[in-house]
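Line by line, the protein sequences give chains A and B.
When we follow the numbering used here, the leftmost residue of the first sequence carries the number 1, and every step to the right adds one.
When we follow the numbering used here, the leftmost residue of the second sequence carries the number 1, and every step to the right adds one.
Heads up, a few of these hints could be off.
Any copy, or any two copies together, can satisfy a pair, since identical chains are not distinguished.
No farther apart than 27 Å at their CA atoms in a straight line, the calculated lysine-lysine pairs in the DSS-like style are these [claimed, not checked]: (1) K71 with K189; (2) K258 with K412; (3) K258 with K309; (4) K427 with K413; (5) K309 with K169; (6) K74 with K309; (7) K309 with K427; (8) K82 with K430; (9) K413 with K360; (10) K413 with K189; (11) K169 with K82; (12) K238 with K67; (13) K426 with K74; (14) K360 with K238; (15) K189 with K385; (16) K82 with K189; (17) K385 with K82; (18) K430 with K74; (19) K111 with K82; (20) K111 with K413; (21) K309 with K426; (22) K111 with K238.
Just so you know, the hints here were simulated from the structure itself, not pulled from any lab data.
Here is how the chains run, residue by residue.
There are 2 protein chains.
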Amino acid sequence: MDSDWLLSILERANRIASSSQLDDLLGQMLDLVIDVCEAKAAALCLFDCQAGEMVCRVVRGVENSQKLTGKRIKIERSLAGKTLAQRGPILIEDLDASQIDPIEIGLPDLKRALSIPLWLHDELFGVVQVFNFVNPEIQIVQLLGNRMASELDKALLIQASEQRSERFKALIDIIGRIGSSLDRDQILKMIIESARQLLNAEAGSLFLVDEVTGELVLHFATNIPPEQWPSVRVPPDKGIIGYVARTGETVLVPDTQKDDRYYSNVAQNVGFETRSILAVPLRTRQVYLGGERGSSEERIIGGLEALNKANGTFDAEDAVLLETFANQAATVFQIASLYANTEELFIDVVRAMTAAIDAKDPYTEGHSERVSDFAVAIARELDLKTELIYHIRIAGLLHDVGKIGISDNVLKKPGQLNMEEFEEIKKHPKIGERIMREVRMLQTELAGISQHHEWVDGTGYPSGLCGEGLSLTGRIIAVADVFDAITSDRPYRAAQPANMVLDHLRAETGSHFDRACVEALVRAFQNGMIRVQGEPL
Amino acid sequence: MDSDWLLSILERANRIASSSQLDDLLGQMLDLVIDVCEAKAAALCLFDCQAGEMVCRVVRGVENSQKLTGKRIKIERSLAGKTLAQRGPILIEDLDASQIDPIEIGLPDLKRALSIPLWLHDELFGVVQVFNFVNPEIQIVQLLGNRMASELDKALLIQASEQRSERFKALIDIIGRIGSSLDRDQILKMIIESARQLLNAEAGSLFLVDEVTGELVLHFATNIPPEQWPSVRVPPDKGIIGYVARTGETVLVPDTQKDDRYYSNVAQNVGFETRSILAVPLRTRQVYLGGERGSSEERIIGGLEALNKANGTFDAEDAVLLETFANQAATVFQIASLYANTEELFIDVVRAMTAAIDAKDPYTEGHSERVSDFAVAIARELDLKTELIYHIRIAGLLHDVGKIGISDNVLKKPGQLNMEEFEEIKKHPKIGERIMREVRMLQTELAGISQHHEWVDGTGYPSGLCGEGLSLTGRIIAVADVFDAITSDRPYRAAQPANMVLDHLRAETGSHFDRACVEALVRAFQNGMIRVQGEPL
Numbered sequence: 001m002d003s004d005w006l007l008s009i010l011e012r013a014n015r016i017a018s019s020s021q022l023d024d025l026l027g028q029m030l031d032l033v034i035d036v037c038e039a040k041a042a043a044l045c046l047f048d049c050q051a052g053e054m055v056c057r058v059v060r061g062v063e064n065s066q067k068l069t070g071k072r073i074k075i076e077r078s079l080a081g082k083t084l085a086q087r088g089p090i091l092i093e094d095l096d097a098s099q100i101d102p103i104e105i106g107l108p109d110l111k112r113a114l115s116i117p118l119w120l121h122d123e124l125f126g127v128v129q130v131f132n133f134v135n136p137e138i139q140i141v142q143l144l145g146n147r148m149a150s151e152l153d154k155a156l157l158i159q160a161s162e163q164r165s166e167r168f169k170a171l172i173d174i175i176g177r178i179g180s181s182l183d184r185d186q187i188l189k190m191i192i193e194s195a196r197q198l199l200n201a202e203a204g205s206l207f208l209v210d211e212v213t214g215e216l217v218l219h220f221a222t223n224i225p226p227e228q229w230p231s232v233r234v235p236p237d238k239g240i241i242g243y244v245a246r247t248g249e250t251v252l253v254p255d256t257q258k259d260d261r262y263y264s265n266v267a268q269n270v271g272f273e274t275r276s277i278l279a280v281p282l283r284t285r286q287v288y289l290g291g292e293r294g295s296s297e298e299r300i301i302g303g304l305e306a307l308n309k310a311n312g313t314f315d316a317e318d319a320v321l322l323e324t325f326a327n328q329a330a331t332v333f334q335i336a337s338l339y340a341n342t343e344e345l346f347i348d349v350v351r352a353m354t355a356a357i358d359a360k361d362p363y364t365e366g367h368s369e370r371v372s373d374f375a376v377a378i379a380r381e382l383d384l385k386t387e388l389i390y391h392i393r394i395a396g397l398l399h400d401v402g403k404i405g406i407s408d409n410v411l412k413k414p415g416q417l418n419m420e421e422f423e424e425i426k427k428h429p430k431i432g433e434r435i436m437r438e439v440r441m442l443q444t445e446l447a448g449i450s451q452h453h454e455w456v457d458g459t460g461y462p463s464g465l466c467g468e469g470l471s472l473t474g475r476i477i478a479v480a481d482v483f484d485a486i487t488s489d490r491p492y493r494a495a496q497p498a499n500m501v502l503d504h505l506r507a508e509t510g511s512h513f514d515r516a517c518v519e520a521l522v523r524a525f526q527n528g529m530i531r532v533q534g535e536p537l
Numbered sequence: 001m002d003s004d005w006l007l008s009i010l011e012r013a014n015r016i017a018s019s020s021q022l023d024d025l026l027g028q029m030l031d032l033v034i035d036v037c038e039a040k041a042a043a044l045c046l047f048d049c050q051a052g053e054m055v056c057r058v059v060r061g062v063e064n065s066q067k068l069t070g071k072r073i074k075i076e077r078s079l080a081g082k083t084l085a086q087r088g089p090i091l092i093e094d095l096d097a098s099q100i101d102p103i104e105i106g107l108p109d110l111k112r113a114l115s116i117p118l119w120l121h122d123e124l125f126g127v128v129q130v131f132n133f134v135n136p137e138i139q140i141v142q143l144l145g146n147r148m149a150s151e152l153d154k155a156l157l158i159q160a161s162e163q164r165s166e167r168f169k170a171l172i173d174i175i176g177r178i179g180s181s182l183d184r185d186q187i188l189k190m191i192i193e194s195a196r197q198l199l200n201a202e203a204g205s206l207f208l209v210d211e212v213t214g215e216l217v218l219h220f221a222t223n224i225p226p227e228q229w230p231s232v233r234v235p236p237d238k239g240i241i242g243y244v245a246r247t248g249e250t251v252l253v254p255d256t257q258k259d260d261r262y263y264s265n266v267a268q269n270v271g272f273e274t275r276s277i278l279a280v281p282l283r284t285r286q287v288y289l290g291g292e293r294g295s296s297e298e299r300i301i302g303g304l305e306a307l308n309k310a311n312g313t314f315d316a317e318d319a320v321l322l323e324t325f326a327n328q329a330a331t332v333f334q335i336a337s338l339y340a341n342t343e344e345l346f347i348d349v350v351r352a353m354t355a356a357i358d359a360k361d362p363y364t365e366g367h368s369e370r371v372s373d374f375a376v377a378i379a380r381e382l383d384l385k386t387e388l389i390y391h392i393r394i395a396g397l398l399h400d401v402g403k404i405g406i407s408d409n410v411l412k413k414p415g416q417l418n419m420e421e422f423e424e425i426k427k428h429p430k431i432g433e434r435i436m437r438e439v440r441m442l443q444t445e446l447a448g449i450s451q452h453h454e455w456v457d458g459t460g461y462p463s464g465l466c467g468e469g470l471s472l473t474g475r476i477i478a479v480a481d482v483f484d485a486i487t488s489d490r491p492y493r494a495a496q497p498a499n500m501v502l503d504h505l506r507a508e509t510g511s512h513f514d515r516a517c518v519e520a521l522v523r524a525f526q527n528g529m530i531r532v533q534g535e536p537l
């Protein structure tokens, strides 16, 4: 062997190895093997020790060689298997006569074959094979084969690391999307779909702890029809999900048939075959509420399951990823719950207090709640922005809050009010505005409180506003207010039918009421969006 | 050259290259070079094209060779520089006589030197140098040198990818920690500290848009004393931060002296030298509030700056990382703001409505607010949990809400109440409980409303509760309520001094009032935690 020739080959190998395209690199390296041996074809096969098979990685020198990539060969009786068993090179002069199955590489007249085992970190890694060659340059092929093994190894390291990066990036994006919702149902839906996507799982399900019974109740599942979700209740001492929520541990079950914690009732009911499960707890962090509110407690609110990994089995890296995701997602859910609770508390307290004010006079019982509903219906028909509709709901509830400052004699008087009494009751919009003036977050609503007895021609009270001076909120609540008043009984007259009242309001558009608001109310009524007092449910 | 010898060398090189320890790999490869050339020493130097210098990567064959790692050599007149210029191997028989500075590797009698340039992806990468050798095996050294370059290249790829993974992991952790706070100040503090840490920056600052003036107001800075923060206000059309918040673009300024957007007023004031800046907008995502609330708008609420990267300059990867982080952090801040707004709205509305109820009788003006403060002071002295203290604050505000249902004649009566009137006013705890009964989130507070006129010996009203039947909230508010009543003027008597009232309450512990609650109130008073009506501010 000429050493200059050898050096030139190895220089070529170095140049090939500097490629960052792995397939290209391996292909060119096999071409070099073919040149060195003056061969027809060459192949690189890798050992899949789990399956006990060899997998074709690259083949060169035959037609349609790309089709052979991924081809699997049973170890027994194959040339690759024999090479692995022998732990050294095999050279065969006549493959046909050898009683050894070659790789079916589709090469005509397959005769001479050289098969060399490759080691990496002291483990068998694969074989490099050369067919119908002139020079059996075993040492050089071994050298080039080892180089391919080493390059493959490093490429896989880079690939794995980049995949990890990509998954983290995806996780960050998902957490960002989930974290920008305060809607609990939407959050749960996003959690389950994201988990499935992150882990490449066939299905996913999410259980929340029922705080009363301790059972795990199915809240979302991609493999079960929604109508069946609420009926799937797992006792806290049963099933993998029960175990996860009870202990806070992650559970990886590669084969559900072999794990006796598997609670098959659920699966049997829905006809979905669960082969493997990765289950993690949904554990909220301690949420710091700030100032004198302190922190909410860390706790397990449920569990998350990924079912049947597509193309493979769940591994430890999947488990860490799903745990990380579940903890973040649970905290987002917890924050949305805190928000929803405060929101509910606020609306319910306002509702309770205004209802109490209404209830001082039996004739106005439920009035504020109905005005609020009518005002919202008008606002929706006017296609207003959701944030404004929310303000209108609150303004509707609070429009008569000033009645706190009106004396009982006037408020509860069974008959018609006299002039003086009427002058007193006319103060309630101003009083209401004064009560709420200091509430920074309620500035939009003030107009609804102070202007709900103004008329569009400027003949209303307390300020005689008209035109641009009269806010949309004020106009809407004025219509809603009078509509409820006339469709309700009063000490001095009976409730009027809604249709008649709407005609009356229409007749007074332009003078008393805003035309667009009245027409919106008419449409809302016609569309069945509102119900007046005394109407059957 | 013997080809078997050559093959054995290359096999050894392959084995060395399979190491995943880069330093070890390069060192062993240089040892192989030394063996091949029968040399005294060898070195691998890498080309730093930005600095125009060579950097010693590994040296073998001399004492204290590890100290030479990282040593920098100017290109001009050095052997390495000459090699790069020549783009080919240089062999020198007598280095002393050559007028070329060698690397100062501390080798005695430095004579023969071989210096070979290394290429990677068609670019000059570095040089491998061999000293005081017997055999100048240029081709083999070139081969081994190229192999080192290739392995270094791949190792750097793996390292970069793993660093990216680590940074994403750190980012996920940071987002999780920030995302578990609803306290805006804490969130801002965490944002700035995390940003600095993520980017290895010397300092960081965070600006928020003033919604009225549009100016960018400094809210946190690690390089400026807190008392100066509020005075740092950047006009929206000035400075890098103004540009970022206005355009939503990321700005990377490697040298502030060369960027005319740099607004040096701030830096000059505080004596911090800003060399480089990475500035990103704080852009909130659209937050979905759920149901009829719809979504809040996406918008830029401010900007974030990382100043002076320690050991280097900010790069594009830093920019992407900080952008990603800033978007998530801004959304977390937005959610905390939404929560704080709802919380403020709720407390303010309750305060306004209860104040209006109190104000019906001029003698009880501000009563509920004071009772709430006193009750909280007692709860704090009793070292209760923050969540319970929050409930007690609300219960204190709402304790007299039942007065909505008491007629004005009784409520506003200028003199002492008669028996019948007293019976009516005694209904207010029950009425209050009834008003709030439907509010799911207020169940803890109900006891404070219904039991604030119960006495510990069972002689109070409305239910005559005592012992275990009387809740802690009820006991606390009972003490706070009577303390405010007696320290306030009434139509039938003047306000009593606080000290006297506390003595009176002490005398009635065990019969009327809970001893622990009264003692807690005494302590709170002595510690200056509460102020009674009429006391100077």
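Do the hints match the structure? See the list:
1. For the homomeric pair K71 and K189, neither the shortest alpha-carbon distance inside one copy (40 Å) nor that between copies (57 Å) is at most 27 Å.
2. For the identical chains of this complex, K258 and K412 are neighbours neither inside a copy (74 Å) nor across copies (77 Å), given an alpha-carbon limit of 27 Å.
3. Taking the shortest alpha-carbon separations for K258 and K309, only the intra-copy value of 17 Å comes in at or below 27 Å, while the best inter-copy value is 54 Å.
4. Proximity of K427 to K413 under the C-alpha cut-off of 27 Å is found in both arrangements, the shortest distances being 16 Å within a copy and 22 Å between copies.
5. In this homomeric assembly, K309 and K169 come within 27 Å of each other (Cα to Cα) both inside a single copy, at 20 Å, and across copies, at 23 Å.
6. Taking the shortest alpha-carbon separations for K74 and K309, only the intra-copy value of 25 Å comes in at or below 27 Å, while the best inter-copy value is 56 Å.
7. Taking the shortest alpha-carbon separations for K309 and K427, neither the intra-copy value of 69 Å nor the inter-copy value of 65 Å comes in at or below 27 Å.
8. For a Cα distance limit of 27 Å, the shortest separation of K82 from K430 qualifies neither inside one copy, at 98 Å, nor across copies, at 91 Å.
9. Taking CA atoms no more than 27 Å apart as the test, K413 paired with K360 passes in both settings, with 11 Å inside one copy and 19 Å between copies.
10. Proximity of K413 to K189 under the C-alpha cut-off of 27 Å is found in neither arrangement, the shortest distances being 54 Å within a copy and 58 Å between copies.
11. For the homomeric pair K169 and K82, neither the shortest alpha-carbon distance inside one copy (44 Å) nor that between copies (45 Å) is at most 27 Å.
12. Within a single copy, K238 and K67 get their C-alpha atoms no closer than 49 Å, and across copies no closer than 62 Å, so neither meets the 27 Å cut-off.
13. When the C-alpha separation of K426 and K74 is checked against a cutoff of 27 Å, the pair qualifies neither within a copy, at 95 Å, nor between copies, at 91 Å.
14. With identical chains, the CA atoms of K360 and K238 are never at most 27 Å apart, being 53 Å at best within one copy and 59 Å at best between copies.
15. Taking identical chains as interchangeable, the C-alpha atoms of K189 and K385 lie at most 27 Å apart only when both belong to the same chain, with a minimum of 25 Å there against 34 Å between chains.
16. With identical chains, the CA atoms of K82 and K189 are never at most 27 Å apart, being 53 Å at best within one copy and 65 Å at best between copies.
17. Taking identical chains as interchangeable, the C-alpha atoms of K385 and K82 are never at most 27 Å apart, the minima being 75 Å within one chain and 73 Å between chains.
18. Taking the shortest Cα distances, K430 and K74 never come within 27 Å of each other, neither inside one copy (90 Å) nor across copies (83 Å).
19. Only within a single protomer do K111 and K82 lie at most 27 Å apart by alpha-carbon distance; the minimum there is 17 Å, versus 54 Å between protomers.
20. Taking the shortest alpha-carbon separations for K111 and K413, neither the intra-copy value of 115 Å nor the inter-copy value of 119 Å comes in at or below 27 Å.
21. With identical chains, the CA atoms of K309 and K426 are never at most 27 Å apart, being 70 Å at best within one copy and 67 Å at best between copies.
22. Taking the shortest Cα distances, K111 and K238 never come within 27 Å of each other, neither inside one copy (63 Å) nor across copies (80 Å).
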